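Residues per chain, in single letters:
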Amino acid sequence: DAGVIQSPRHEVTEMGQEVTLRCKPISGHDYLFWYRQTMMRGLELLIYFNNNVPIDDSGMPEDRFSAKMPNASFSTLKIQPSEPRDSAVYFCASSLRTVNTEAFFGQGTRLTVV
Amino acid sequence: AQSVTQPDIHITVSEGASLELRCNYSYGATPYLFWYVQSPGQGLQLLLKYFSGDTLVQGIKGFEAEFKRSQSSFNLRKPSVHWSDAAEYFCAVTSGSARQLTFGSGTQLTVLP
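Respectively, the protein sequence lines represent chains R and Z. The first sequence begins at 657 in our numbering and counts up one residue at a time. The second sequence begins at -16 in our numbering and counts up one residue at a time.
Hints in this document: simulated from the structure, not taken from any laboratory. Please read these numbers as outputs of a predicted model, since none were measured by experiment. Hints may be right or wrong, so weigh each one.
Derived CB-CB ranges, DEER-like [said to hold, decoys possible]:
no., chain 1, residue 1, chain 2, residue 2, range
1, Z, Asp37, R, Met671, 49 to 55 Å
2, Z, Ile(-6), R, Ala658, 32 to 38 Å
3, Z, Ile43, R, Ala658, 18 to 24 Å
4, R, Gly659, Z, Thr(-12), 38 to 44 Å
5, R, Thr757, Z, Gly24, 21 to 27 Å
6, R, Glu674, Z, Ser(-3), 29 to 35 Å
7, R, Met671, Z, Gln54, 30 to 36 Å
8, Z, Leu39, R, Arg741, 39 to 45 Å
9, R, Arg720, Z, Lys44, 38 to 44 Å
10, R, Pro717, Z, Asp(-9), 27 to 33 Å
11, Z, Ala(-16), R, Glu718, 38 to 44 Å
12, Z, Lys44, R, Glu718, 48 to 54 Å
13, R, Met696, Z, Glu49, 30 to 36 Å
14, Z, Pro96, R, Glu718, 44 to 50 Å
The beta-carbon is built from N, C-alpha and C at its ideal position, and this holds for glycine as well.
So here's chain Z without its partners, still in its complex pose:
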């Protein structure tokens, strides 16, 4: 069965600092990988996705993620965090045969002024 691990429950960074959120997946087939962001009281918004091709994908709001098959990882990065980035971030995986998303447990991001 597919699974997603986000080892960091909570991360705190200062505004302007760089950010990396970790995500590891376990899946036998070629995965389709996603990062979603959830602001308080809101639904989930897609930041970026990886299906194939270039392993470094760009998303909205200045985020990027790199797919590393050898490490089964899909870490999310941003060079300079803004206060408005404070939210919960979810990594998710699916495949061509399984349409439903399997989510990680989420990482709560706090941004200090």
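Just chain R, same shape as in the assembly:
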């Protein structure tokens, strides 16, 4: 398996534009997580899905952020409209159903909003 695949790796956009980040989890994994990493706040969980259903979105900063998982092999994180303070590295991770298993991380998308 190629691991968790995120695209794009880098994204530079202007304030006010819509940004869509993409993630393909490892095949067979039931859980998918979106994390955001910043210098100020470290690694924060934004939202996670179980079997394509959002379970906990309490980490989503505000209504400008939305996430979907239309099928087991694809998820998106959308920011509309984007703001400079959204600049961060966004990680997607996936894990198996069983409890005693780790999360596997993608290489992240570095988002810069100017």
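Dock chain Z against the given chain R, drawing on the hints supplied.
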């Protein structure tokens, strides 16, 4: 709520020296504990994990960690550091009921030649 504390923001060691990175957690239930490593521009790679059993766990790249329930700690160790170990290290915790990981703030490791 569960939390993880990594008290050392930055540690510098010489190549060949031993290493210990500290991690303390706060969690009421039995924790599942992890150490991840992040190289610049990369994602997080799992070094090792603890769920139950032997409190000393071995991981990849020669790392080990010891779970001490009485101290709520899960410190990471390596007897002899290599230059390629320079990276940021994250301790994380979860439990059976909470699938999401809670991360510490990370410890940046610098290795001197």
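Hint check results:
1. Z:Asp37 to R:Met671: 49 to 55 Å: 52 Å, holds
2. Z:Ile(-6) to R:Ala658: 32 to 38 Å: Holds - the Cβ-Cβ distance for isoleucine -6 of chain Z and alanine 658 of chain R, about 33 Å, lies within 32 to 38 Å.
3. Z:Ile43 to R:Ala658: 18 to 24 Å: 19 Å, holds
4. R:Gly659 to Z:Thr(-12): 38 to 44 Å: 30 Å, violated
5. R:Thr757 to Z:Gly24: 21 to 27 Å: Roughly 26 Å apart at Cβ, these two residues keep to the hinted range, so it holds.
6. R:Glu674 to Z:Ser(-3): 29 to 35 Å: 49 Å, violated
7. R:Met671 to Z:Gln54: 30 to 36 Å: About 47 Å separates the Cβ atoms of methionine 671 of chain R and glutamine 54 of chain Z, which means 30 to 36 Å is violated.
8. Z:Leu39 to R:Arg741: 39 to 45 Å: 43 Å, holds
9. R:Arg720 to Z:Lys44: 38 to 44 Å: 40 Å, holds
10. R:Pro717 to Z:Asp(-9): 27 to 33 Å: 28 Å, holds
11. Z:Ala(-16) to R:Glu718: 38 to 44 Å: Given a distance of about 21 Å, which is not inside 38 to 44 Å, the answer is violated.
12. Z:Lys44 to R:Glu718: 48 to 54 Å: 39 Å, violated
13. R:Met696 to Z:Glu49: 30 to 36 Å: 31 Å, holds
14. Z:Pro96 to R:Glu718: 44 to 50 Å: The hint (44 to 50 Å, Cβ to Cβ) holds, given that proline 96 of chain Z and glutamate 718 of chain R are roughly 46 Å apart.
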